[in-house]
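Q: The primary structure of each chain is shown beneath.
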Amino acid sequence: MNDGIVVNVCMGTGGIAAGGDMVMQEFIKEFETAGVKNATVKEKCRLHKVGCRGFCARDVLVDITVDGQVSTYQYIQPEMVKRLVQEHVLGAKPITEWLVGDDYHVFHDNQTKRVLADLGKIDPESIEEYLGVDGYKAAEKTLTTMKPEEVIQVVKDSGLRGRGGGGFPTGVKWSFCAANKADQRYIICNADEGDPGAFMDRSVVEGNPHAVIEGMIIGAYAIGASVGYVYIRAEYPLAVDRLRLALKHAEERGFLGKKLFGTDFSLKIKVKLGAGAFVCGEETALIASIEGERGMPRAKPPFPANKGLWGKPTIINNVETFANIPQIMNKGAAWYASIGSEKSKGTKVIALTGKIKNTGLIEIPMGMPLKDIIFKVGGGIEGNKLFKAVQTGGPSGGCIPQQFIDLPVDYEGLASVGSMMGSGGMVVLDETDCMVNISKFFLQFTQSESCGKCVPCRIGTKRLLEILTRITEGEGKEGDIELLQQLAEDVRDSSLCGLGMSAPNPVISTIKYFRHEYEAHIKHKKCPAKVCNKLLTFFIREDMCVGCGMCAKACSVNAISGEKKQPHKINNSMCIQCGSCFDACKFSAVLKE
Amino acid sequence: MIPDQLKTALAEHIAASITPREAAVTVMKELQAHYGWLTDEAVAEAAQLLGISPLQVEELATFYEMIYRRPVGKRVVHVCDSISCWAMGGESLLGQLAARLGIPVGGTDPEGMFTLLPCCCLGNCGDAPTMMVGDNLYGRLTLETALGVLEQERESAKM
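If you read the sequences in order, they're chains A and B.
When we follow the working numbering, the leftmost residue of the first sequence carries the number 37, and every step to the right adds one.
When we follow the working numbering, the leftmost residue of the second sequence carries the number 1142, and every step to the right adds one.
Keep in mind the hints are simulated off the structure, nothing from the lab.
Please note: incorrect hints may appear among the correct ones.
Unchecked claim - 27 angstroms max Cα-Cα, derived DSS-like pairs, lysine-lysine: (1) B:K1170 to A:K489; (2) A:K562 to A:K628; (3) A:K489 to A:K348; (4) A:K295 to A:K367; (5) A:K183 to A:K295; (6) A:K343 to A:K192; (7) A:K129 to A:K65; (8) B:K1148 to A:K284; (9) A:K78 to A:K118; (10) A:K157 to A:K78; (11) B:K1148 to A:K306; (12) B:K1148 to A:K304; (13) A:K149 to A:K367; (14) A:K308 to B:K1299; (15) A:K284 to B:K1170; (16) B:K1170 to A:K304; (17) A:K183 to A:K343; (18) A:K559 to A:K548; (19) A:K336 to A:K498; (20) A:K308 to B:K1148; (21) A:K306 to B:K1170; (22) A:K562 to A:K498; (23) A:K421 to A:K622; (24) A:K173 to A:K295; (25) A:K308 to B:K1170; (26) A:K605 to A:K628; (27) A:K348 to A:K336.
Unchecked claim - What the simulated footprint calls covered on chain A by chain B, stretch by stretch (three residues with Cβ under 8 angstroms from a Cβ of chain B suffice, anywhere in the stretch; the number is not a length): (28) 261-273; (29) 311-322; (30) 392-406; (31) 614-620.
The beta-carbon is built from N, C-alpha and C at its ideal position, and this holds for glycine as well.
This is chain A alone, in the form it adopts within the complex (with noise of 0.2 angstroms):
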């Protein structure tokens, strides 16, 4: 930028509850107090958490540069300040104990960010940054001087596959919309990432919304569409909020609307806001939404390529893959490819949860073994518990267990062990996890999203569920893996769209993978990871109780007893297992078996 001072302080949602807007006006503070002249503050990403670092729990992050040189700190608090500006800004002296540790590097090195990469470097409200970083240039070249068939081979030949679960060439897809004759066509961006533990499109939205928009325009110049949506879920209100704004500048510039670049070639995009239905994001069910229909599934084929909206020709594409596109379109699709594996070009960006260590959100090259992921960009599993399995995939994926570490991640990688990419939830289960009970909130998941339009989705998940539940509850009888198993592949076989199909997906990789676990509580009616209350019994152990009560306030049946500074008591023959006296005792008092 240039050689003045610049400080960067951490604003999202993490960075705020930690206290970053109190550090940046300390910041203000200070330079003013000192005379600070060539300084400037800035926020690194704004109100929320954007893909900037997907490293929250080490918030307040900042950033100093001085002369060039970048020093990240973390954990900051508003009263180190002060320390910060006379040290390090009028010192020249960074503060060694506060910068970042090997691991946050750790972190980032072991990624490669290509999507991600402009996130939190740009502010995503303003178009003249993300024109400062290349932004619509891709749009024009291939405009201006790129036939539309030009566009959908370069795409073709860079191997991109759709990141929204499917993993289908995209140029290929774009070739097969391309070839109907038509009076009009549709391209489609759907951000209307429901599955559970997944929050990349958001992140990629409210990050770097302008990419999103830059990927769609040429995807409409290749098929010939003159008029986008972007179909967006309404519980990510500012997510929307920077998408409107961008789509407003991207027009005032003359990137959006009539005669293009001074082509012939017209879009218009506009925003269509989901109301609270996983099933919506099912590609045909999408397409329903937005037409005023019940967003239900519609059979395939015909495939929305050849006939999508209003029964015209469609493309619809994830909001990750319309961000790579200016990217391959700007370096070519050698440059895309020569990164990931044999069957799966570039990177994906994964959204990592559960029991590790650094959560947050990566990017990785594809083909990545999965303890890489884990035990390196992850830092492994947190509190040194044992690692048991990672969900890949959300509800359609699976469970992959411990001996399948070494497990590439692709596509073909996690399709071999019977998972799936999805949209890239990676949710890290340890020791203390149940893989029934997993298993049955998954069910649970896809129960409650399941449309009810096909007889096998709508009532086959109901059953899976009702017999999981009995199996958690001790009722499990012999006989009933059978009866899931057979269960499972039926509703799989004959589910008209691929919420159904793919609904028993984490039942059949538990049973695989984990069928000591089913027959633990089905035979010997025992919860191995201690998870499902109704086959544990609580209790209480005097030697650690100190009495402090918490317990008993946390027991909503008034099961617990005991004076004040007294080892307490739970009446068993009360206790409904809920479990909240475990997690309200800070003493490890209170035991289960």
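Given the coordinates of chain A, assemble chain B onto it according to the supplied hints.
A: Only chain B this time, still in chain A's reference frame:
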């Protein structure tokens, strides 16, 4: 009855849509914002504006979780029950909030302040467990911080 101004704005929005039905969800949401929930009167008004039957509006309204066909509190509290939040104690948070507010999940408190709903997913998985009150998102919650948030929201709703 909706004010003429809103009615005109909605009619314009419908006219600018590719088909009237395309505007249906937006119209329902605007009416809901006006009434607080989608009242029977609002259903009839939506039907008239969109040129479809009230039954067709009802059919749409009942499909979407964020269209409320029953009165809700001044603040709708969505507690995320997705996998990441659930793994970090979201389920017990929802249960404890329900107990503290003295309402079942899905219920509204007697003073009409809060409606408590589960939601999947708020997309704040890295900061689980999470809840959203109105348009405000809160992460890394404990029961105490969540109750604190509700107090703040209660105050801001009174203003």
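Q: Return the numbers of the hints above that this structure violates; sort them in rising order.
A: 14
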